[in-house]
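A.B. asks: Protein chains in written order, with my numbering: chain A, 869 to 1168; chain B, 27 to 320.
Please keep in mind that the hints were generated in silico from the structure rather than gathered at the bench.
All residues carry an ideal CB built from backbone N, CA and C; glycine is no exception.
Be careful, since some hints might not be right.
Unchecked claim - A few chain B residues facing chain A, derived, Cβ under 8 Å: (1) 102; (2) 112; (3) 115.
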Amino acid sequence: MAKSTSKRSSGKTESPLKTIIPDQTISIPRKILKVKAFTPICKPLNGSLPSSKISHLLKLWTFEYQYKNGKETKTSTATAYMIKGLRGALRHQVMTHCKERGLEVCHTSDKETDQKGNSLLPEGFHLLGSCTDSDECIVHAVFGSKGNSSKIRVSAKPIANISHKTFQAPVSIQNVQIATEKRVALTFEGKAIQDFGERYLAGEFEFEIDITKCTPEEMGMIIEATMYMHKLGGGYNAGYAELQIKGLDLVKSTTNRQPKITDQNSFTIEEEIDEEKLPEEFTNALTAWKKHLREYKEVK
Amino acid sequence: MGSQECRLVVRGQLLTPMITKKIKFTLLGCKATIINPRRRYYLKINASKPMYPYSYISYLGKIEIKVKSSSLTVLNQKCKLLLQKTHIGRYQSEGLGEIKWKGGYIDNYVTKSEKHVKERKLRIRKGLPLKLTLEQQKLLKYALLHDFFHTPRHQSKIYQEPQIKDQQLVEKIKKHHEKTTNPMIKQFQYYDRLAASITRKIRSPIISRYNWQAKKSRRRINFTKLAKEIQEVAETNIWNLYRYMYESKELRLVNESMTYGHTTLRNHLLVIANLIVQDFGNESRQKNKHKKSR
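So here's chain A without its partners, still in its complex pose (with noise of 0.2 Å):
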């Protein structure tokens, strides 16, 4: 390997920054769905650490929000947890709401049965990818398959449980109540001899579905299967993993990057996002969708 030195140039010299950095802000402009939905008990997990009973939520930091207590402010630590399953939770959804809407579309799964040879594949469905490129169902379109990129992006801010109400955190993120769960599998003479725990989440939240790329009919379909979604994470059967929709929003939301030059040879990037909500592409989706399904009785 060559062997290379480095070092910050002197001031004097006209600095190359001013032609490096772009004049104009960089401007990324989606397409978004904002759901705000409510859960009382959800377990979307990301499986268990080695020497622990607990299964856990995919941690992503510890923070240092402050909190007014009176007239002080005050410090306190908290973590961050990622909420998993939303874009399995939302194919899921699609795909049964096309099935009841008469449309084959494509199964999660490209095989058609186990080593047993039991069925994998439901009725009302096709093998995933199995579509060719000129008769492409809705859902593989959109959610694509392995060597088709998915048209969507799923994605909810962080969550974090914080007891005190005026928190102010780096970062945004969403407040809810996190906790564990003690379940015991096996007991003896009334006492635990195995027992298990599992983080749950609950509470109030909100997530994106960033619908740049998709069509209007996609979009309509997309808003559509939303309102219908009842399910995240594991434990349907037991009563957890409920889902409640408590509202929709399409907006079209632009972030604005907007390097600035600090020092002659250091620049920071300032970011900013403004919302503007588009109700009529909302309705407008909705028919396309509706007008899709039409003309897709029409031709079977």
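Given chain A, put chain B in place with the hints provided.
C.D. replies: Chain B alone, transformed into the frame defined by chain A:
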């Protein structure tokens, strides 16, 4: 004097874990590193298939991207492309690899004019080169036969000793583990250790000289016959001896070391021979260069 290039460093923060196996990677043709990496395991369950969850290694932390170029327009274009990125890495559709750009700086980057010449990788030859001096031939013969005789350290690695007429060579071979002043043995020891460091990678102790390939094929070697064949070939010339080692199927089934169960004796011998030949080649090339410059 070296050429001077301008280097742009852009810094950011990973808000959600990014799936990568390594901390250093390339992004849009630029060198990227994750500073203060915090490892996370992202588990993914495929609900439709009866299979175990798959875990991906992902990292959180600060990210630093370095671009160096002599033209400022190239740096400007790269800067624009980088700032347009919102997510990086795999599974962006699930919100992974979200990035927030913070800032950066520029500095002058001086590269030395001396170009680094990449050394050629060691290539196992089919046969030895035609031009070899007598000294080289002796050293190669010593190297190719050194493991077939009993020494205070170990027995012959094929259990039998080939009956070679040159007794002086045999005596020298038996001393190949000892500290000596003999220049040939010293030279050989250097190549032997170098070859061992190349081939001995995974430590796996074994009981017998037969390796995993032999166990798989369930083949047994006639060691007396093998020793006789080596003896016959060794008395002809070095080129034949090398070719015999190269084509020998028996030597592939024998282990070189008892503590490293995945190193074959054939491979070890051929690596030593090729290291010797490569070094001779380099020396001759350097000498030719000096002659031309004069």
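A.B. asks: With reference to the structure, classify each hint as holding or not holding.
C.D. replies: Against the structure, the hints:
1. 102: 5 Å, holds
2. 112: 6 Å, holds
3. 115: Because about 13 Å separates residue 115/B from the closest Cβ in chain A, which is outside the 8 Å limit, the hint is violated.
Hint 3 alone, counting from the list given before, is not met by this structure.
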